[in-house]
Amino acid sequence: KAGVTQTPRYLIKTRGQQVTLSCSPISGHRSVSWYQQTPGQGLQFLFEYFSETQRNKGNFPGRFSGRQFSNSRSEMNVSTLELGDSALYLCASSLVGGSSSYEQYFGPGTRLTVT
Amino acid sequence: TQLLEQSPQFLSIQEGENLTVYCNSSSVFSSLQWYRQEPGEGPVLLVTVVTGGEVKKLKRLTFQFGDARKDSSLHITAAQTGDTGLYLCAGGAAGNNRKLIWGLGTSLAVNP
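Respectively, the protein sequence lines represent chains W and X.
In this text, residue positions in the first sequence follow this note's numbering: the first is 591, and each later residue adds one.
In this text, residue positions in the second sequence follow this note's numbering: the first is 91, and each later residue adds one.
Where hints are given, some of them may not hold.
To be verified - Short, incomplete list of chain X residues facing chain W, as computed with Cβ under 8 Å:
| hint | residue |
| --- | --- |
| 1 | Gln104 |
| 2 | Ser121 |
| 3 | Glu131 |
| 4 | Lys189 |
| 5 | Trp192 |
Stated by the list, open to error - Between beta-carbon pairs, the in silico distance windows are:
| hint | chain 1 | residue 1 | chain 2 | residue 2 | range |
| --- | --- | --- | --- | --- | --- |
| 6 | W | Arg663 | X | Glu131 | 14 to 24 Å |
| 7 | X | Asp157 | W | Ile602 | 15 to 25 Å |
| 8 | W | Glu672 | X | Lys146 | 39 to 49 Å |
| 9 | X | Val118 | W | Thr604 | 37 to 47 Å |
| 10 | X | Glu128 | W | Thr604 | 23 to 33 Å |
| 11 | W | Ile602 | X | Thr141 | 44 to 54 Å |
| 12 | W | Gly593 | X | Gly143 | 25 to 35 Å |
| 13 | W | Arg657 | X | Ser102 | 38 to 48 Å |
| 14 | X | Ser116 | W | Thr705 | 40 to 50 Å |
| 15 | X | Thr110 | W | Thr610 | 41 to 51 Å |
| 16 | X | Ser102 | W | Thr643 | 39 to 49 Å |
| 17 | W | Ile602 | X | Glu131 | 18 to 28 Å |
| 18 | W | Gly632 | X | Arg150 | 37 to 47 Å |
Since the hints were derived computationally from the structure, they do not count as laboratory data.
Quantities reported herein were computed from a predicted structural model and do not represent experimental measurements.
We put the CB at the ideal spot given by N, CA and C, even for glycine.
Construct all of the structure, not just a fragment, from the sequences and the given hints.
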């Protein structure tokens, strides 16, 4: 079974621009979560989508948004980029129901650099 | 606010040594996962523990869930250079909108 894929792997943007990141979950996984990882803050939860609906949301400003499509693929968008948005953005998929629903299967991440 | 504290934050050892890293909280979790992350890659799930007092083994790695389901430990026997990475624990709390609570991780370096 193919793992979680994320595109692009690397991205360089300028302050003020916007960016869209894409994630394809493992086949059969209907929940997709997004995380931001930086050396100082660790893994920070952005949001989770299930059945095209945002089910959970972390403490990030409204510049960070996401969506999920009917095939469970997901995208996240960051508008008006700031230098502090430079990070590794990770997507994770999981099954729904029971303790397995907490098990996250991560993609390789997108390394975003904002200059 | 639920927190998961991991210790130590950094660990550098020689190949062949044993080590234990800890994941502690004042909150009760319905399950807890351990992940290992290598530089530039996403975390990889190692194990899930669910029952208080549960012990799981994965080759040279031994995972234990505390009796009260508030803490966990990871013990590595005879560490190898391939064990190098960031070890993360994450707790699932059923009453918390099914959010996962993440620790900041233990960065392990195993030197040849």
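Exercise. Hint check: is the beta carbon of Trp192 of chain X less than 8 Å from a beta carbon of chain W?
Worked result: Check passed: Cβ of Trp192 of chain X comes within 5 Å of chain W, closer than 8 Å.
Exercise. Quick one: are Ile602 of chain W and Glu131 of chain X within 18 to 28 Å, going by C-beta?
Worked result: For Ile602 of chain W and Glu131 of chain X the Cβ distance comes to about 20 Å; the hint holds.
Exercise. Arg657 of chain W and Ser102 of chain X, beta-carbon distance inside 38 to 48 Å?
Worked result: Given about 43 Å between the Cβ atoms, the range holds.
Problem set entry | Beta-carbon spacing of Ser102 of chain X to Thr643 of chain W - inside the hinted bounds 39 to 49 Å or not | Given range 39 to 49 Å: holds, Cβ gap about 45 Å.
Problem set entry | Outcome for the supplied range 40 to 50 Å, where the beta carbon pair is Ser116 of chain X and Thr705 of chain W | Given about 41 Å between the Cβ atoms, the range holds.
Problem set entry | Supplied contact hint for Glu131 of chain X, tested at 8 Å Cβ to chain W | holds, 5 Å
For this session: Please verify that hint: Gln104 of chain X, Cβ, nearest Cβ of chain W, below 8 Å or not.
Result: violated, 25 Å
For this session: Take a look at whether the Cβ-Cβ distance between Ile602 of chain W and Thr141 of chain X falls inside 44 to 54 Å.
Result: holds, 47 Å
Problem set entry | Arg150 of chain X and Gly632 of chain W - C-beta distance against the hinted 37 to 47 Å | This hint is violated: roughly 26 Å between Cβ atoms.
For this session: Report holds or violated for the interface hint on Ser121 of chain X, using the least CB-CB distance to chain W and a cut-off of 8 Å.
Result: holds, 4 Å
Problem set entry | Range agreement (Cβ of Thr604 of chain W with Cβ of Glu128 of chain X, hint 23 to 33 Å) | Cβ of Glu128 of chain X to Cβ of Thr604 of chain W: about 30 Å, so the range 23 to 33 Å holds.
Exercise. Does the Cβ distance between Asp157 of chain X and Ile602 of chain W fall inside 15 to 25 Å?
Worked result: Hint violated: Cβ distance 49 Å, outside 15 to 25 Å.
Hint violations for this structure: numbers 1, 7 and 18, all remaining hints satisfied.
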